[in-house]
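Construct all of the structure, not just a fragment, from the sequences and the given hints.
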Amino acid sequence: MSPTPLTIEKYLASLPEDRRTAIQAVRAVILKNMDKDYEEGIQYGCIGYFVPHRIFPAGYHCDPKQPLPLGALASRKGYMTVMFMSIYGGGELADWFRKEWAKTGKKLDMGAACIRFRKLDDLPLDVIGELVRRVPAKKYIEFYQASLGAYHKAKPAKAKKRAAR
Numbered sequence: 001m002s003p004t005p006l007t008i009e010k011y012l013a014s015l016p017e018d019r020r021t022a023i024q025a026v027r028a029v030i031l032k033n034m035d036k037d038y039e040e041g042i043q044y045g046c047i048g049y050f051v052p053h054r055i056f057p058a059g060y061h062c063d064p065k066q067p068l069p070l071g072a073l074a075s076r077k078g079y080m081t082v083m084f085m086s087i088y089g090g091g092e093l094a095d096w097f098r099k100e101w102a103k104t105g106k107k108l109d110m111g112a113a114c115i116r117f118r119k120l121d122d123l124p125l126d127v128i129g130e131l132v133r134r135v136p137a138k139k140y141i142e143f144y145q146a147s148l149g150a151y152h153k154a155k156p157a158k159a160k161k162r163a164a165r
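Numbering-wise, the numbering used here puts 77 at position 77 of the sequence shown, and it's gapless, one number per residue.
Restricting the straight-line Cα-Cα distance to at most 25 angstroms, the calculated cross-link-like pairs of lysine-lysine (BS3-like) are:
1) Lys138 x Lys65
2) Lys36 x Lys10
3) Lys32 x Lys138
Please keep in mind that the hints were generated in silico from the structure rather than gathered at the bench.
And the structure:
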């Protein structure tokens, strides 16, 4: 397995031409609609979009050294994927997204937050752009913190260890 490229340019250069063209087109839509407080870079082996530490110093709770991830764009073995944490777990935005996608007549191949596609024509780029536009960094941070709070409330507390007698 080859090492993950450390720059977006090297990541794109490592892709076959057809995938590079598709990824670049989706990337252009994301960048055009992305709030100025987000940044783009390589994160978790993908082209990542995230809230930098200068905006959200706490970082990502799973690894506070990492900036808070919003989404990613990647080429996988059998497909390409665009991921948005803002629709992970459902909610109003996820419902809106699914409804808007359905209106396009295109088949949605989606996991919890990953939208898989094999060719650029599989994606309604206008819906992707509007999804990105609807989530400014400040709103995303609020969503993230509320989600974390709900997660910690639902998680059972660890049993306290008994003192040795």
